[in-house]
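Student: Chain residues, written in single-letter form:
There are 2 protein chains.
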Amino acid sequence: MAGMTGISRPSLGTKVVFTMAADHGVTTEGVSAYPSEVTRQMVLNFATGGAAINVLARHVGAEVRVVDMGVASDESWPSCVVNRKVAAGTRNMAKDRAMTVEEARSCLEIGAELATQAVQNGAGAIAVGDMGIGNTTAASAITSVITGRTPAEVTGRGTGIDDSRLKLKISAIEKAIETNSPDASDGIDTLSKVGGFEIGGMAGVLLGAASSRVPVFLDGFVSSSAGLIAATICPLSVDFMIASHLSAEPGHKYILEHLRLVPLLDLNMRLGEGTGAALAFSVAEAACKIVAEMATFDSAGVSGVRGED
Amino acid sequence: MAGMTGISRPSLGTKVVFTMAADHGVTTEGVSAYPSEVTRQMVLNFATGGAAINVLARHVGAEVRVVDMGVASDESWPSCVVNRKVAAGTRNMAKDRAMTVEEARSCLEIGAELATQAVQNGAGAIAVGDMGIGNTTAASAITSVITGRTPAEVTGRGTGIDDSRLKLKISAIEKAIETNSPDASDGIDTLSKVGGFEIGGMAGVLLGAASSRVPVFLDGFVSSSAGLIAATICPLSVDFMIASHLSAEPGHKYILEHLRLVPLLDLNMRLGEGTGAALAFSVAEAACKIVAEMATFDSAGVSGVRGED
Numbered sequence: 460m461a462g463m464t465g466i467s468r469p470s471l472g473t474k475v476v477f478t479m480a481a482d483h484g485v486t487t488e489g490v491s492a493y494p495s496e497v498t499r500q501m502v503l504n505f506a507t508g509g510a511a512i513n514v515l516a517r518h519v520g521a522e523v524r525v526v527d528m529g530v531a532s533d534e535s536w537p538s539c540v541v542n543r544k545v546a547a548g549t550r551n552m553a554k555d556r557a558m559t560v561e562e563a564r565s566c567l568e569i570g571a572e573l574a575t576q577a578v579q580n581g582a583g584a585i586a587v588g589d590m591g592i593g594n595t596t597a598a599s600a601i602t603s604v605i606t607g608r609t610p611a612e613v614t615g616r617g618t619g620i621d622d623s624r625l626k627l628k629i630s631a632i633e634k635a636i637e638t639n640s641p642d643a644s645d646g647i648d649t650l651s652k653v654g655g656f657e658i659g660g661m662a663g664v665l666l667g668a669a670s671s672r673v674p675v676f677l678d679g680f681v682s683s684s685a686g687l688i689a690a691t692i693c694p695l696s697v698d699f700m701i702a703s704h705l706s707a708e709p710g711h712k713y714i715l716e717h718l719r720l721v722p723l724l725d726l727n728m729r730l731g732e733g734t735g736a737a738l739a740f741s742v743a744e745a746a747c748k749i750v751a752e753m754a755t756f757d758s759a760g761v762s763g764v765r766g767e768d
Numbered sequence: 460m461a462g463m464t465g466i467s468r469p470s471l472g473t474k475v476v477f478t479m480a481a482d483h484g485v486t487t488e489g490v491s492a493y494p495s496e497v498t499r500q501m502v503l504n505f506a507t508g509g510a511a512i513n514v515l516a517r518h519v520g521a522e523v524r525v526v527d528m529g530v531a532s533d534e535s536w537p538s539c540v541v542n543r544k545v546a547a548g549t550r551n552m553a554k555d556r557a558m559t560v561e562e563a564r565s566c567l568e569i570g571a572e573l574a575t576q577a578v579q580n581g582a583g584a585i586a587v588g589d590m591g592i593g594n595t596t597a598a599s600a601i602t603s604v605i606t607g608r609t610p611a612e613v614t615g616r617g618t619g620i621d622d623s624r625l626k627l628k629i630s631a632i633e634k635a636i637e638t639n640s641p642d643a644s645d646g647i648d649t650l651s652k653v654g655g656f657e658i659g660g661m662a663g664v665l666l667g668a669a670s671s672r673v674p675v676f677l678d679g680f681v682s683s684s685a686g687l688i689a690a691t692i693c694p695l696s697v698d699f700m701i702a703s704h705l706s707a708e709p710g711h712k713y714i715l716e717h718l719r720l721v722p723l724l725d726l727n728m729r730l731g732e733g734t735g736a737a738l739a740f741s742v743a744e745a746a747c748k749i750v751a752e753m754a755t756f757d758s759a760g761v762s763g764v765r766g767e768d
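So the protein lines, in turn, are chains G and B.
Residues are numbered in our numbering as their position in the first sequence, beginning at 1, plus a constant of 459.
Residues are numbered in our numbering as their position in the second sequence, beginning at 1, plus a constant of 459.
Bear in mind the hints are in silico, worked out from the structure with no lab data behind them.
The structure displayed is predicted, hence computed values, not measured ones.
Which copy is meant is left open, so a pair is good if it fits within one copy or across any two.
When the alpha-carbon atoms are kept at most 20 Å apart in a straight line, the in silico SDA-like pairs for lysine to any residue are as follows:
| id | residue 1 | residue 2 |
| --- | --- | --- |
| 1 | LYS748 | LEU730 |
| 2 | LYS748 | ALA506 |
| 3 | LYS748 | VAL519 |
| 4 | LYS748 | GLY472 |
| 5 | LYS712 | LEU726 |
| 6 | LYS748 | LEU724 |
| 7 | LYS748 | ASN727 |
| 8 | LYS748 | GLY509 |
| 9 | LYS748 | GLY520 |
| 10 | LYS748 | ASP725 |
| 11 | LYS712 | ASP725 |
| 12 | LYS748 | GLY508 |
| 13 | LYS748 | MET728 |
Isolated chain G, as found in the complex (with noise of 0.2 Å):
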């Protein structure tokens, strides 16, 4: 966090997450077992501080920030959800790209706008997390095109899908790719034929947090994804990427792989939200406070390592 920020003593100051939301057309494949209205009562939920992601940053102290990016509803949130909508969900990307060029552009304009606005207004750490029913549909694919592994490799069970479902996941997501061809290099490309609002929202602010030279947790697979994506937009972005957690979707070890990152915790969580990434807010507030906080041996009258004698 030292090299991150230029400081030698850091310290996180207020700590944001970004809980983005948005739709997914591809629901339509059978891919999930919960329906897409969940989004929309999650937000609700969110708004009301009774989901897992309101606990813990009440835990940690950290503020939510929900905004929705592209949830298929036309709901008038309470006040304190942003309301970025690029549109009401994805197309479903078994049959056609998931989104536009311009709304993938708009995604990642919309996130770095929202990150940069928030260093401005004192945060010193920020973390992304998600809510979609259907994204780690779109996650599993931008993992596959992007780290090369295959569709069966990288793909889970998400909200908990029993087999069949997990064969038509695997399915809807190998013919997403054969449909779209998205070109692994092209970061936009790739999450305007594979990815999902949210995600490209994340990307967003996952490089505008780095372009502030602040420190941006992951938390679980969906998260990573868009890292993912912003590492395909501009590789130096991973350098301020710092990896909450190991979640237990099978395809987010290789996405850690590829960016060559390493989970501070392994806690068997799976839920996203931010919740991986605000209990690491904590150990990585803990670390900037040892160093600021401890006494050295000089100062505590502690006596030295002996001589070789």
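Fit chain B to the supplied structure of chain G, relying on the hints for placement.
Tutor: Just chain B, lined up with the frame of chain G:
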């Protein structure tokens, strides 16, 4: 933690770290890079709030109780240090038993009494930490005796000794075990022959916390060797132990395997004092808050898993 406490929605309540200090006669064998007076100096550092455990305990909202179990000094401590000195350091275990059986019993009784008092005063989670120049030598000896591994397998570099001191350290442990023939099935015999006063005190805290049904957090290698002593005296006590982290000391993984405990954190820490346990307090508290504070799907109006159709 629900199982330990018998409460379905447990909370940690007041969190107390017992940081127990003592000196070790085996340091005359040249097993440590630091002189024995560092134990005394670090007790004063704990008392003034400048040590790592003070910083991390503040970070997680825990109290530190510093206990002199056997520091080789007649210093009159600041009032915040609990003076329960059993003797001014152990004897050199490479030549004689480290302490008498009566002294070993005293350590256990003192630790159990302190834990029980803390629970009576509201502690809902207790951690054990250690300070004592030479105490990884005692911990390695205990680990070798109780797990059946050789001294060479379980012995590490402690505060950072070089190859020649590591040889001296392993050789001192081999001599201590050969000279004393501790009975691996008898925790009091093992403690008295190759242990330390702070290790005995921590074993007592573990037994006292378990008897009060209060979760007790092991820290690193030395405190976990106290876990081996406690487990030998009362196997059921292990059900109340939480392994906070995996220390970089090589013997620690063998202790945790023996106790069948899985560490929460793996951050290459190796300081002792209770530092890893303080961080684990925060993770455990987060888990309790998830159970206590999260909305259910019902209460938040979130749709359930869709039927298999």
